[in-house]
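2 protein chains.
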Amino acid sequence: MPINKGIVLASRPAPLSKATPENFRLVESASPEPGPGQVLVRNTYLSLDPYMRGRMEETKSYVASQPLLEVMGGGTVGEVVASNNPSFKPGDKIVGMGGWQLYSLDDGQALRKIEPGKIPIQAWLGPLGMPGVTAWAGVKRIIAPKAVETLVVSAATGAVGSVVGQLAKAAGARAVGIAGGPEKCAYAVKELGFDACVDHRAENFDALLAGALPRGIDGLFENVGGRCFDLCSRHFNDFGRVALCGLIASYEGKEPSSLRDLSLILVKRLKIQGFIVSDDMSLWPQAMMELGGLIAGGKLHWRESVAEGIESAPAAFLGMFEGKNFGKQLVKLV
Amino acid sequence: MPINKGIVLASRPAPLSKATPENFRLVESASPEPGPGQVLVRNTYLSLDPYMRGRMEETKSYVASQPLLEVMGGGTVGEVVASNNPSFKPGDKIVGMGGWQLYSLDDGQALRKIEPGKIPIQAWLGPLGMPGVTAWAGVKRIIAPKAVETLVVSAATGAVGSVVGQLAKAAGARAVGIAGGPEKCAYAVKELGFDACVDHRAENFDALLAGALPRGIDGLFENVGGRCFDLCSRHFNDFGRVALCGLIASYEGKEPSSLRDLSLILVKRLKIQGFIVSDDMSLWPQAMMELGGLIAGGKLHWRESVAEGIESAPAAFLGMFEGKNFGKQLVKLV
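Chains A and B supply the protein sequences, listed in that same order. Each residue of the first sequence is one higher than the one before, starting from 1 at the first, in the numbering used here. Each residue of the second sequence is one higher than the one before, starting from 335 at the first, in the numbering used here.
Pulled from the structure, derived: some chain B residues nowhere near chain A, Cβ distances all over 10 Å:
#	residue
1	Ser-345
2	Pro-347
3	Ala-348
4	Lys-352
5	Asn-357
6	Pro-420
7	Gly-425
8	Gly-451
9	Ile-453
10	Glu-537
11	Met-623
Here's a subset of chain B near chain A, in silico, CB distances under 8 Å, partners left out:
#	residue
12	Gly-559
13	Ser-584
14	Leu-600
15	Lys-602
16	Leu-604
17	Lys-605
18	Ile-606
Please keep in mind that the hints were generated in silico from the structure rather than gathered at the bench. Just so we're clear, the structure is a prediction, and the values are computed from it rather than from any experiment. C-beta: ideal position from N, C-alpha, C; glycine also.
Work the whole structure out from these sequences, hints included.
Spelled out as structure tokens, the structure:
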């Protein structure tokens, strides 16, 4: 019987403090046997996502708290190796919530079969998965950019942000990214087709941002918060929409995210809406169809940071909060 | 020729300071003669509204700044006394933007004919006018309360708030008001049908508010801001909606209105939307039909504070920012 390896949450970070490698622990066990109705999956790729930081705390986030000493939850793609469930057979490629481990059991409820064909299987954790549908939901259902409008997205080269910008361009809007460092900014413009991308680490970030916004901001897809949100909020046009998707700058207490003057919302008639893609599963079919069409047509590009082996997951995860990843952060498990 | 009397803006209040009687001045002149295509209206009632405070400042509000030494703008109902416009004849009852004066000229564009019948003419400045449609737009188009939900409205006995609560009740929701003083709170519950109304001047306002919200807040129709908004924001349920209509607590610098922690919007998936009823005139026919139906059926109640004579307009207006009005603030001009 093969050995299963997984990462458990060993301890919780102190409130408003950085998570550390010591919060995680590698555990080994025999790979489990599927019971009646169950499916055993060999996970191929694990998705690392900022929302997992919220789950590490006991305080109520929008997702349930991660139980201590249990394997960290997370999205995975993999292959069925044994099945007592008539809907799945060995060899099936699936996307599921296998967590930070090599093998996982599922009763089939949380598994979806996929047919990768020419598209690499890990795309179901990126542009064809939760990040892609998140981008789609915020752009299409909250911001709904018109052709003449300007949409700004922070963490622009990330798994979500990169899709946001390309959906904005597909809608005919001006897409302006915010990213950390000249390399990411150049990639956003040259490879992803953003009209501009501003480096938030630049000394004159404020002036560069203003320069990239000759017609102000109509839509802001906010992944970061903190100073980034604060500076953007000075550029809103009337009837601006904010899709509030993440506040990674505030997750570990680095920068507070606040709106100092609510009258901005009133005077400019803004809409600010927080959302989580899993709240409305009815969006997925339409989103997947449109995203799949863009990918098939060669009109949606993305980039991956791939860590090798389950042992590398904690460091790769912690690196995301330092902006070390470039594109979708994955862990290759096979 | 009769004498026209009007109130002009004599000077602007200092930023973040109270407006004073000295900011206004009474002027007299001959009543104007209608030119080609023009209509002369004898104004019967003038509407006083909080948005006018924003217009007194030079800083950009959501409405154009009131020019100095010109008659203050404002909604009016009145009667046509002379007309060179084929669409209007003497005796027609109209609602328009006649401003703070006894007589006004209009080219007809901003006038709407009304047929008061059994409904008092000044209702077109209240539940059948801008305040009523404002309430309708925020309740129906932003909050959209479901029957099991709780809707909170501040300034609950005002021209807008009173309609908000009654529309919430008509939709089957729990309506909780916030108002200043026991008399207004009793009126909200006994006459307007609110389920509860909390006195923000009470020492234990915080505890009283919590007690009135056994199932939290699903919709907040915000007219006040400041501490009132701050305390309400602790009670939001997931997917709460805020219709941001006014921030009267902040208009004169008394209390800042802010959202200290944006993560609240994210974690609870809130929607906060600023709106102004004049932004979408297409809402008016539907709103007027529904509001008119409720009034005709005896299901919409309201109250007026009526100041007598144009000379009383400045004091009545300034009193609104102290909560001295009880219901819709009008000035009777005839």
